[in-house]
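Add chain S to chain E, keeping to what the hints say.
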Amino acid sequence: MKPMFIRPKGLTSVNQRYCPGCGHGIVHRLIGELLVEMDVREKTVGIAPVGCSVFADEYFNCDMIQVPHGRACAVATGIKRARPECFVFSYQGDGDLAAIGTAETIHAAARNENISVIFINNAIYGMTGGQLAPTTLPGMKSTTSVKGRDIAKQGYPIKVVELINALDGPIYLERTTVHTPKDIIKTKKALKTAFNYQLQNKGFSLIEVLSMCPTGWGVTPVQAKKWINDVMMKYYPVGEVRNRGKEEKK
Amino acid sequence: MAAKELMYGNHAIVEGVIAAGCRFFAGYPITPQNEVPEYMSIRMNEVGGVFLQTESELAAINMLFGAAATGARVMTSSSSPGISLMQEGLSYIAGSDIPVLVVNVVRGGPGLGNIAPAQSDYFQSTRGGGHGDYYTIVLAPNSAQELFEFPKLAFELAEKYRVPAVILADGLLGQIMEPIVFSFKPVDPKNLPPQDWWLTGCQGRERRVVRSYDLKPGKLEEWNWRRNERFQAIIKNEQRHEAIQCDDAEVVVVAYGTSARVSAAGIKMARDKGIKAGLFRPISLWPFPAVALNAIAKRAKNILVVEMSLGQMIEDVKLAIECRVPVYFHGRPGGGIPTTQEICDKLISLPRGAK
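These protein sequence lines are chains E and S, in that order.
For the first sequence, counting from 1, position 180 maps to 847 in the numbering used here; every step adds exactly one.
For the second sequence, counting from 1, position 151 maps to 152 in the numbering used here; every step adds exactly one.
Don't read these hints as lab results, they were simulated from the structure.
Where a beta carbon is used, it is the ideal one built from N, C-alpha and C, also for glycine.
Don't take every hint at face value.
Mimicking EDC-like on lysine to aspartate or glutamate, the simulated pairs with C-alpha atoms at most 20 Å apart in a straight line are [what the hints assert, rightly or not]:
hint	chain 1	residue 1	chain 2	residue 2
1	S	LYS277	S	ASP249
2	E	LYS710	S	ASP197
3	S	LYS220	S	GLU230
4	S	LYS220	E	GLU725
5	S	LYS186	S	GLU6
6	S	LYS217	E	GLU725
7	E	LYS855	E	GLU704
8	E	LYS676	S	GLU207
9	E	LYS710	E	GLU752
10	E	LYS710	S	GLU207
11	S	LYS269	S	ASP248
12	S	LYS277	S	GLU343
13	S	LYS191	E	GLU752
Chain S regions said to be covered by chain E (calculated; three or more residues, Cβ under 8 Å) [claimed, not checked]:
hint	stretch
14	49 to 59
15	63 to 69
16	87 to 93
17	202 to 210
Label pairs and their in silico Cβ distance ranges [what the hints assert, rightly or not]:
hint	chain 1	residue 1	chain 2	residue 2	range
18	E	ASN863	S	PRO218	39 to 47 Å
19	E	LYS901	S	GLN54	35 to 43 Å
20	S	PHE183	E	THR795	47 to 55 Å
21	E	LYS676	S	PHE124	44 to 52 Å
22	E	THR811	S	PRO218	24 to 32 Å
23	E	LYS901	S	LEU113	41 to 49 Å
24	S	PRO195	E	ASN868	20 to 28 Å
25	E	THR795	S	LYS319	36 to 44 Å
26	S	PRO30	E	ASN868	26 to 34 Å
Bound-form chain E, shown alone (with noise of 0.2 Å):
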């Protein structure tokens, strides 16, 4: 009898300790898929940030580095400039990419550094228990915003993509969803064209996902889904910003 789904040799045998309805899973599996797939797991160094996916070091079957909150990208830099023959994915949330990393996030982008990052937007500081993020919705409950984001106190969210779509450097980015199993297919989709233009030395790529957290969002994970679908998705929509590699094809 033939297995129809087993666990990726991508990811290791270690119990994930996400919540139940987080999409750190969805992705952390896609990633793992890939590195199979794309035979380049034996190659890898990977960057587990600062956040609910800290322990991604131990969830990747490849090598790994934990690193700095925010210092992802400049990690993944010196990686990839002292070791050129390996792939290098950095994998981190909103907090970590938008926040504390905003500008290792833009230069690394502006620099193309020929690396893939993995960018999960969640809306919310999922570890530290839910407070405001660079990336939460206006008007948004959170702990640090409990009547919601006041964008005459506390700005606005951070359209992360088209940031960094400002810049010359990156070779492609693009932002999808992992709530539904068409946009999980899109998001392996995305994540492989990312891991491609690596592979061919092409430069910077950044995926944004959006993603569930039902906790962090006082929800239940059916409810999380359909949040990202009606409210979310209408502010970070979702498709390609960008892919350089397509228009030369052109």
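Okay, now just chain S, sitting in the frame of chain E:
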């Protein structure tokens, strides 16, 4: 004998780093060490290394973290305010047991301070600098020749014990121009033996993880104790110093780097006036050469600590000599440099025959 070449201190560092087999530099401009990245950008290009001018010192130290984790010999250079920014990364690097080299061409502080030579980063350098229990190996050169030679020593020690190494220079040493001798055979980085912690991709082996955290109860404590074994081995094995005219000295001047250069001249002036003075120059600031200084203090009547600060190393001096003799201080903070006359006068003014 190898050929001599007249060279700036800041250029001597670069030649020393490259001769030591380092092919990865990341750094952010800051005075008074700008000649390091400028010259490095040319030399790394010539030797096929990596030169990265970064968006910040935060990025620089983290680029080092990544590159060093793959087994590369890596270095950055900065000056005091920039080194402060690097402390977060250094703590993670120390916590991950990764060897790197950081050169601090110290300037006056605190805050933006000034761009004059100073030694006021002694505490920061010798007490770890960032959060958590750790030390960095700290070497203090006092000539262009040592600026050339210490990077190799620093890499070897950092790799042997898997701790970050710091070379503590100052703006004067960076700008000094002296003959240097290319005193050792350049290291070919390709010949560095692979280590069992390098992240290179897991082909043909189990995957490896570099990290500084462990949340399992008791595990981090265990890890810290194990790391402490290496710290204790460093304290035991790696104390370095230079003692000049200490054998008959009634007063021993303790000074490092530029202060030691000035003190040596001040001691000569005092000797001409009949003061039996000697110089004890710590070369490793951490580990502090406590054993040798304690032995010398047994023979001396007074100790004079000279620093370009409000007095930081003096605490290590007092700890080292176990209150055997009085310890006096002459300091110049905020970018001040002591003069030879000041030191001579101070030596003459010290009470004699206290012992």
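Going through the hints against the structure:
Pair hint LYS277/S plus ASP249/S holds up; C-alpha atoms about 7 Å apart against a cutoff of 20 Å. Restraint check for LYS710/E and ASP197/S: the C-alpha separation of about 16 Å stays at or below 20 Å, so the hint holds. Restraint check for LYS220/S and GLU230/S: the C-alpha separation of about 16 Å stays at or below 20 Å, so the hint holds. Among the hinted pairs, LYS220/S with GLU725/E is consistent with the structure: their alpha-carbon atoms are about 16 Å apart, no more than 20 Å.
At most 20 Å may separate the alpha-carbon atoms for a hinted pair to count; LYS186/S and GLU6/S meet this at roughly 16 Å. As the CA atoms of LYS217/S and GLU725/E are separated by approximately 13 Å, the hinted pair is consistent with the 20 Å bound. Between LYS855/E and GLU704/E the alpha-carbon distance is near 11 Å, which keeps this suggested pair within the 20 Å criterion. With a C-alpha separation of about 13 Å, the suggested pair LYS676/E and GLU207/S falls inside the 20 Å cut-off, and the hint holds.
Restraint check for LYS710/E and GLU752/E: the C-alpha separation of about 7 Å stays at or below 20 Å, so the hint holds. Using a Cα cut-off of 20 Å, the hinted pair LYS710/E and GLU207/S holds, with the two alpha carbons roughly 12 Å apart. Distance check on the hinted pair: LYS269/S and ASP248/S sit about 15 Å apart at the alpha-carbon level, within 20 Å; holds. Distance hint between LYS277/S and GLU343/S is fulfilled; the C-alpha atoms sit about 17 Å from each other, no more than 20 Å.
With a CA separation close to 15 Å, the supplied pair LYS191/S and GLU752/E stays within the 20 Å bound. Counting residues of the stretch 49 to 59 of chain S whose CB lies closer than 8 Å to any CB of chain E gives 6, so the stated coverage by that chain holds, three being the minimum. Look at the stretch 63 to 69 of chain S against chain E: 7 of its residues bring a Cβ nearer than 8 Å to a Cβ of that chain, three or more, so the hint holds. Judged by the Cβ-Cβ criterion of 8 Å, the stretch 87 to 93 of chain S is covered by chain E as claimed, because 3 of its residues qualify and three suffice.
For the stretch 202 to 210 of chain S, the proposed coverage by chain E is satisfied: 7 residues have a C-beta within less than 8 Å of a C-beta in that chain, meeting the threshold of three. Distance hint for ASN863/E and PRO218/S: a CB-CB separation of about 43 Å, consistent with the stated range 39 to 47 Å. Range check, LYS901/E to GLN54/S: Cβ separation about 40 Å, and the 35 to 43 Å hint holds. Under the hint 47 to 55 Å, the C-beta atoms of PHE183/S and THR795/E, about 53 Å apart, fit the expected range.
Take LYS676/E and PHE124/S: their Cβ atoms lie about 49 Å apart, and the range 44 to 52 Å holds. The beta-carbon spacing between THR811/E and PRO218/S, approximately 30 Å, falls within the hinted interval of 24 to 32 Å. At about 46 Å, the CB distance of LYS901/E to LEU113/S agrees with the hint of 41 to 49 Å. Range check, PRO195/S to ASN868/E: about 25 Å between beta-carbon atoms, so the 20 to 28 Å window is met.
Between THR795/E and LYS319/S the beta carbon distance is about 43 Å. The supplied range of 36 to 44 Å therefore holds. The hinted range of 26 to 34 Å is satisfied by PRO30/S and ASN868/E, whose Cβ atoms lie roughly 29 Å apart.
This entry satisfies every hint, going by the numbered hints stated previously.
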